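In case you want the letters, here they are:
Number of protein chains: 2
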Amino acid sequence: MKSLKVGICGLGTVASGVINVLKRNQNEISARAGCSIDVVQVASRRMRDNCDMQGIAFTTSIDELIDNPEIDVVAELIGGYDLAKDIVIKALNNGKHVVTANKALIAEHGNELFALANSKGLVLAYEAGVAGGIPVIKALREGLSANQINCVAGIINGTGNFILTEMKDKGRDFADVLAEAQALGYAEADPTFDVEGIDAAHKLAILASVAFGVPLQFDKAFTEGISGLSTEDINNATALGYRVKHLGIARRHAHGIELRVHPTLIPQAQLLANVDGVMNAVLVDGDAVGQTLYYGPGAGSEATASAVIADLVDVARAVLSDSPVLVPYLGVMPDKLVELPVLPITEIQSAYYLRLSAEDHPGVLAKVSSIMSDSGINIESVIQKDKERENEVIPLVMLTQTVQESKMIAAIAKIEALPEIKGSVVRIRVEQF
Amino acid sequence: MKSLKVGICGLGTVASGVINVLKRNQNEISARAGCSIDVVQVASRRMRDNCDMQGIAFTTSIDELIDNPEIDVVAELIGGYDLAKDIVIKALNNGKHVVTANKALIAEHGNELFALANSKGLVLAYEAGVAGGIPVIKALREGLSANQINCVAGIINGTGNFILTEMKDKGRDFADVLAEAQALGYAEADPTFDVEGIDAAHKLAILASVAFGVPLQFDKAFTEGISGLSTEDINNATALGYRVKHLGIARRHAHGIELRVHPTLIPQAQLLANVDGVMNAVLVDGDAVGQTLYYGPGAGSEATASAVIADLVDVARAVLSDSPVLVPYLGVMPDKLVELPVLPITEIQSAYYLRLSAEDHPGVLAKVSSIMSDSGINIESVIQKDKERENEVIPLVMLTQTVQESKMIAAIAKIEALPEIKGSVVRIRVEQF
Numbered sequence: 002m003k004s005l006k007v008g009i010c011g012l013g014t015v016a017s018g019v020i021n022v023l024k025r026n027q028n029e030i031s032a033r034a035g036c037s038i039d040v041v042q043v044a045s046r047r048m049r050d051n052c053d054m055q056g057i058a059f060t061t062s063i064d065e066l067i068d069n070p071e072i073d074v075v076a077e078l079i080g081g082y083d084l085a086k087d088i089v090i091k092a093l094n095n096g097k098h099v100v101t102a103n104k105a106l107i108a109e110h111g112n113e114l115f116a117l118a119n120s121k122g123l124v125l126a127y128e129a130g131v132a133g134g135i136p137v138i139k140a141l142r143e144g145l146s147a148n149q150i151n152c153v154a155g156i157i158n159g160t161g162n163f164i165l166t167e168m169k170d171k172g173r174d175f176a177d178v179l180a181e182a183q184a185l186g187y188a189e190a191d192p193t194f195d196v197e198g199i200d201a202a203h204k205l206a207i208l209a210s211v212a213f214g215v216p217l218q219f220d221k222a223f224t225e226g227i228s229g230l231s232t233e234d235i236n237n238a239t240a241l242g243y244r245v246k247h248l249g250i251a252r253r254h255a256h257g258i259e260l261r262v263h264p265t266l267i268p269q270a271q272l273l274a275n276v277d278g279v280m281n282a283v284l285v286d287g288d289a290v291g292q293t294l295y296y297g298p299g300a301g302s303e304a305t306a307s308a309v310i311a312d313l314v315d316v317a318r319a320v321l322s323d324s325p326v327l328v329p330y331l332g333v334m335p336d337k338l339v340e341l342p343v344l345p346i347t348e349i350q351s352a353y354y355l356r357l358s359a360e361d362h363p364g365v366l367a368k369v370s371s372i373m374s375d376s377g378i379n380i381e382s383v384i385q386k387d388k389e390r391e392n393e394v395i396p397l398v399m400l401t402q403t404v405q406e407s408k409m410i411a412a413i414a415k416i417e418a419l420p421e422i423k424g425s426v427v428r429i430r431v432e433q434f
Numbered sequence: 002m003k004s005l006k007v008g009i010c011g012l013g014t015v016a017s018g019v020i021n022v023l024k025r026n027q028n029e030i031s032a033r034a035g036c037s038i039d040v041v042q043v044a045s046r047r048m049r050d051n052c053d054m055q056g057i058a059f060t061t062s063i064d065e066l067i068d069n070p071e072i073d074v075v076a077e078l079i080g081g082y083d084l085a086k087d088i089v090i091k092a093l094n095n096g097k098h099v100v101t102a103n104k105a106l107i108a109e110h111g112n113e114l115f116a117l118a119n120s121k122g123l124v125l126a127y128e129a130g131v132a133g134g135i136p137v138i139k140a141l142r143e144g145l146s147a148n149q150i151n152c153v154a155g156i157i158n159g160t161g162n163f164i165l166t167e168m169k170d171k172g173r174d175f176a177d178v179l180a181e182a183q184a185l186g187y188a189e190a191d192p193t194f195d196v197e198g199i200d201a202a203h204k205l206a207i208l209a210s211v212a213f214g215v216p217l218q219f220d221k222a223f224t225e226g227i228s229g230l231s232t233e234d235i236n237n238a239t240a241l242g243y244r245v246k247h248l249g250i251a252r253r254h255a256h257g258i259e260l261r262v263h264p265t266l267i268p269q270a271q272l273l274a275n276v277d278g279v280m281n282a283v284l285v286d287g288d289a290v291g292q293t294l295y296y297g298p299g300a301g302s303e304a305t306a307s308a309v310i311a312d313l314v315d316v317a318r319a320v321l322s323d324s325p326v327l328v329p330y331l332g333v334m335p336d337k338l339v340e341l342p343v344l345p346i347t348e349i350q351s352a353y354y355l356r357l358s359a360e361d362h363p364g365v366l367a368k369v370s371s372i373m374s375d376s377g378i379n380i381e382s383v384i385q386k387d388k389e390r391e392n393e394v395i396p397l398v399m400l401t402q403t404v405q406e407s408k409m410i411a412a413i414a415k416i417e418a419l420p421e422i423k424g425s426v427v428r429i430r431v432e433q434f
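Residue numbers (the working numbering), protein chains in the order written: chain C, 2 to 434; chain L, 2 to 434.
Watch out, some of these pointers could steer you wrong.
No copy is singled out in the list; a pair is fine if it fits within one copy or between any two copies.
Said to hold, decoys possible - EDC-like mimics (lysine to aspartate or glutamate), calculated; alpha carbons at most 20 Å apart, straight line:
1. Lys24 with Asp288
2. Lys408 with Asp375
3. Lys3 with Asp336
4. Lys337 with Asp39
5. Lys221 with Glu340
The set of hints was computed from the structure by calculation and includes no laboratory data.
Treat the numbers as computed from the prediction; the structure is a model and nothing was measured.
This is chain C alone, in the form it adopts within the complex:
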């Protein structure tokens, strides 16, 4: 094979990055791959002028591209669900390897798509779907293959991390920063996927499968967004020596896995707490290696293209050897995936940050402490803040030790029922890695 011939579906940000980087670095890439990697056709609803299309055929018909006998690999770079799934299935059925940057597709339909790819002996690669340019899928599937992975925890949504960083550094509130992120193009017009943790849960579901060798279970993931976070809580966290990050956390237990995305306090001395702005990072804890961390840009045209092209180079190297599927899709051989259920969020163990609004009344702290103690919850520290003059309500901030979430929920219900407590108790989980 003198050239791996690629057909790209879509001509958006990532696709143009792939075309531009493949052209700019063609000498380096072919020296690494052992053959040149050439985009021969692009299918998109419309032509754009964001990249050099010289030598690349253009069509508005995806079917034409998928049926193009010249093409070895289809890169699905349009995103979304239905059409993307259709493309991947047709491409595999046509005997073409597939590379995608589509985390939603893999997280929600990966089990079915990998089974199809496996039955055809074809690659279905998705490095670009998780943490953009960071080769973390490769690290888990190959670099850490000696390990039982205990835990994966990551900042895997750049938009959310940008918003939290601005809130911390500049004291701005959520809505204000979100509007700026939308203006900068970091956040979509509908920011739900990013700020409510759905995008992060897609990536986390994939990371968990590859880390633990379990089927994809996105639908079981717990998600809690950052739209309810106040600058008051972010500032309190800072004062306590913590940072608030929107983390995806997957942890393996003998009887099941945790799969959860939520705002989390982490001690500021930890590397993960220092990952700011739109950057992503994934911390992996393995039984042999201990903790390793992978940091880099989680999005962007050429950063994502870097991962797409790395998958294409893998395909080229493997196709040259006539053995395309060397590395199993989810890290373990398909018949060795282990069915481990996702644990309900009420069963996880966590420490907590709590903020209560209490009447300035002697004995309130005693009542709260007594509820906690009766619930088997140890309080690590309490900060009683200055009275807010206008309504005579005192913010009471506390950190607890680790406890099962169901106990914390029950204790909070009792605390909220106290007549001296006003409104809801703010609760943010606290993790140390």
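Chain L: place on chain C using the hints.
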């Protein structure tokens, strides 16, 4: 193939880690590799009781192991040069794949050994040689294959980083911390390799080759150790918002590469500045992906074993496909390596931290400033510290902007020739990534 059969040379810390992890995680590892990976024989001068040798043949004869027809892969885990080189050559000549954790061997004899392995169509893998358990060779050779790599900078010696962290955190001096590191087993009885930057230069030479696609050039690396660092300079750096790290830096230019290991001030806000203790981290700057960083334990029995076994899993996956050498040894096809010379240290560009001891005399700063200005060196900031009473000498600390090293050397010679300047000028390079 039902099993990949491994023979291990050596029975030290890393070898026992490999044996223990392969046994403990045999289910996970075989599910990932597609076959079981079994150590069938160990050759060592003497038996030890640091691992479970059940089912593993023991010999004191390395030749017996290398001639064992049952063995598919030889793991060279004895370290050092001559014997290790001999083992690798004999194993390759006997048709066996080789996995090694020996950075010195690869850095100094890799060009010759890779040529031999290539001529035999055999794997010679060395992930464990660089940054211990961090899969950074895989990241460079595969995960970032789309990129022109501009720069690699790393904390790649855990002993040195432990010493610098202790000096910063506790104000202890170098000799004191080194003695503790030796007692803890982090540092060798002869610490030269670690503290003078030779070990880091071995790893950096390998990283540079893989990053830039150039032959190994360890002998051309510039090294400057940390044994001359004083707590005074480390404290000054902290006060200026920097951390002092013993960095390996490789940078690619059109006409050559930088390859240098030396103490370096980096702004404390950068992630690399926050890598403390025995941990390692490697920052990679690629033209498409931007900056990515890989963090983890750079040494230790099971952390290093994690990388050795990952290489064995790669061999198993590839051997099962009858195409062992999928990924070229140094990331690019052997005939595509580019000869790029290592630039002399005098040609690099750097900013500098300088500390002068000056007589308390009006006009000293003016004289120094004038020398700098005449040399084309811009001063970024100056701190004139309190007089040290006993000898009436004032420490003068300054940060310069970026300048060519040869100009800085010439300027320092002129400054040291001033009658008001006592002793040598302390000079530490400053980098921002």
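Consistency of the hints with the structure:
1. In this assembly of identical chains, the alpha carbons of Lys24 and Asp288 lie at most 20 Å apart only when taken from different copies (13 Å versus 41 Å within one copy).
2. Only within a single protomer do Lys408 and Asp375 lie at most 20 Å apart by alpha-carbon distance; the minimum there is 10 Å, versus 71 Å between protomers.
3. In this homomeric assembly, Lys3 and Asp336 come within 20 Å of each other (Cα to Cα) only across copies, at 16 Å, whereas the closest approach inside a single copy is 34 Å.
4. With identical chains, the CA atoms of Lys337 and Asp39 are at most 20 Å apart between copies only, with a shortest distance of 19 Å across copies and 35 Å within one.
5. For the identical chains of this complex, Lys221 and Glu340 are intra-copy neighbours only, at 13 Å inside a copy versus 53 Å across copies, given an alpha-carbon limit of 20 Å.
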